[in-house]
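Protein chains: 2
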Amino acid sequence: MDSAYYNGHYAETDKIRIPLSDRAVYFGDGIYDAAIGRAGEIYLEEEHLNRFFENAERLNLKTDVDRAALSNILKTVAENSGYARYFLYFQLTRNAHTRTHAYPSDARSNLLVTATELKSATRGGVKLITVPDLRHHLCNVKTLNLIPSVMASRRAAECGCDEAIFIRDGIVTECAHSNLLIVKEGAIYTHPTDNLILPGITRARIEKICKCLTIPFYEKRFGVEELYSADEVIISSTSKFSVKATHIDGIKLAENGTYISSRLRNELLLDFNGKSMLKF
Amino acid sequence: MDSAYYNGHYAETDKIRIPLSDRAVYFGDGIYDAAIGRAGEIYLEEEHLNRFFENAERLNLKTDVDRAALSNILKTVAENSGYARYFLYFQLTRNAHTRTHAYPSDARSNLLVTATELKSATRGGVKLITVPDLRHHLCNVKTLNLIPSVMASRRAAECGCDEAIFIRDGIVTECAHSNLLIVKEGAIYTHPTDNLILPGITRARIEKICKCLTIPFYEKRFGVEELYSADEVIISSTSKFSVKATHIDGIKLAENGTYISSRLRNELLLDFNGKSMLKF
Chain A
358 MDSAYYNGHY
368 AETDKIRIPL
378 SDRAVYFGDG
388 IYDAAIGRAG
398 EIYLEEEHLN
408 RFFENAERLN
418 LKTDVDRAAL
428 SNILKTVAEN
438 SGYARYFLYF
448 QLTRNAHTRT
458 HAYPSDARSN
468 LLVTATELKS
478 ATRGGVKLIT
488 VPDLRHHLCN
498 VKTLNLIPSV
508 MASRRAAECG
518 CDEAIFIRDG
528 IVTECAHSNL
538 LIVKEGAIYT
548 HPTDNLILPG
558 ITRARIEKIC
568 KCLTIPFYEK
578 RFGVEELYSA
588 DEVIISSTSK
598 FSVKATHIDG
608 IKLAENGTYI
618 SSRLRNELLL
628 DFNGKSMLKF
Chain B
358 MDSAYYNGHY
368 AETDKIRIPL
378 SDRAVYFGDG
388 IYDAAIGRAG
398 EIYLEEEHLN
408 RFFENAERLN
418 LKTDVDRAAL
428 SNILKTVAEN
438 SGYARYFLYF
448 QLTRNAHTRT
458 HAYPSDARSN
468 LLVTATELKS
478 ATRGGVKLIT
488 VPDLRHHLCN
498 VKTLNLIPSV
508 MASRRAAECG
518 CDEAIFIRDG
528 IVTECAHSNL
538 LIVKEGAIYT
548 HPTDNLILPG
558 ITRARIEKIC
568 KCLTIPFYEK
578 RFGVEELYSA
588 DEVIISSTSK
598 FSVKATHIDG
608 IKLAENGTYI
618 SSRLRNELLL
628 DFNGKSMLKF
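Chains as they are written, first to last, in our numbering: chain A, 358 to 637; chain B, 358 to 637.
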């Protein structure tokens, strides 16, 4: 059953209620992370905890929960859920009793954790659309200010697509809730990790896999033309691992006979299941 | 006492709890407005309700609460508070049980209203700082995605200032929670109402007052140099009316002997108190 935790209390997710002093409600004033796991473990736990606490610090969110305590809470929520494979969502939000933009210096944070069942990940064949990137300039921080991603995702769904690709000033940045990578002549290209994209943990894992498999991996800006003409287009995220795209903006992508996307996906799945032969 | 309403229930503000299906929690997925009032009335009610419902439509937020019902709810919350002069905050957020970016097409909305006491507005002498405008490109919509404004406001407070002025690509847009206007040679200049600023209701009222007083009012982009060298710098918002700035970035602004800011402020206060002699 979907299970959760909020500020010291464990409960079924549906039973959780949060007060108006939680500034998620008024300002989206918080950060989050999401990880997947199985058999009592959290896949790439260290990377997710690092990012979570780094993001908290960027927004000056103070918490008494340290890494060890958070790890325990996450694993308890996973266990309470009873799911064999789980998706863990955890967020830290600022708490302050009065609604005021300039929060008080002693504002503490609220910790929310939820566990849902990790469904079998999409095998491939995702369809994408391109949309203007209307987001703020803090895309490297996993904040709760997600309206542009919500609107883009909804638009993708209305077009029968799975994800939306953001284009900012002619440059492909990433997707609404995934990173984007292209394959061209046997090499991977993806947007550099600046303030315009999220430094995805699956993206970073793909970089390591590429190193093991001697596939060149380049951080480089590219535009829509290079996207359309790529040999393969791949999206990556925690819950989807990596998935190849078949269509962009209603146009079927050419089949160029390269299989880098499926090699990466296989390695990620082996890694998640503790069966990777690669030496990271 | 601080009073509130959430989805059909009236209660003290501290008693309100919201469920995780309210997408304010995960995505800041909603819009809000704020108005002030006295004696059972809401100042510029029509303008605030217009903007609220326009913003709801922009984010495709569906609600069964119409204008008349919302007006009644707002006035009931104000009455429940017992305050003679009140600040009304109202927000509409999307509701959907599963956390998914692409919300379901039948998602309904949650309505939250709070009333607090309207304190005597700042008389003047506010200090401002300039900061980079890191916001998204939906600044014309009053969304709950407010982290850049929160961070800017906090920075202002840490510098002993009252508000932060956003600079985007060298252009002065507005403040973290106010519009900004400058006076130069007897005329008002302010950023045009595009997607980079909020079309403030007080700002629009000032435009009308200027018309009555034959003060030229121009929508025109300007940079930091013009800001520093202005005869007067004014910020405007619902709760502050209009207030003159004395300092920007720690530098005292020149006293050029113009009094447009105080004329505007006086007219706004008369208007709020139902004593304006102007014919709008």
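Hints are supplied without guarantee of correctness; some may be wrong.
[Said to hold, decoys possible] DEER-style ranges, computed between Cβ atoms:
(1) B:630 with A:420: 42 to 50 Å
(2) A:461 with B:607: 35 to 43 Å
(3) A:465 with B:397: 33 to 41 Å
(4) B:575 with A:551: 31 to 39 Å
(5) B:372 with A:524: 44 to 52 Å
[To be verified] Residues from chain B that keep clear of chain A, each with C-beta distances beyond 10 Å, as calculated:
(6) 374
(7) 459
(8) 469
These are computed hints drawn from the structure, not numbers from a lab.
Since the structure is predicted, the reported quantities are computational estimates derived from the model, not experimental observations.
By construction, the Cβ of each residue, glycine as well, lies at the ideal position given by its N, Cα and C atoms.
A quick look at each hint next to the structure:
no.: 1; hint: B:630 with A:420: 42 to 50 Å; result: 45 Å, holds
no.: 2; hint: A:461 with B:607: 35 to 43 Å; result: 23 Å, violated
no.: 3; hint: A:465 with B:397: 33 to 41 Å; result: 38 Å, holds
no.: 4; hint: B:575 with A:551: 31 to 39 Å; result: 37 Å, holds
no.: 5; hint: B:372 with A:524: 44 to 52 Å; result: 46 Å, holds
no.: 6; hint: 374; result: 4 Å, violated
no.: 7; hint: 459; result: 4 Å, violated
no.: 8; hint: 469; result: 8 Å, violated
Hints 2, 6, 7, 8 from the list above are not met by this structure, while the remaining hints are.
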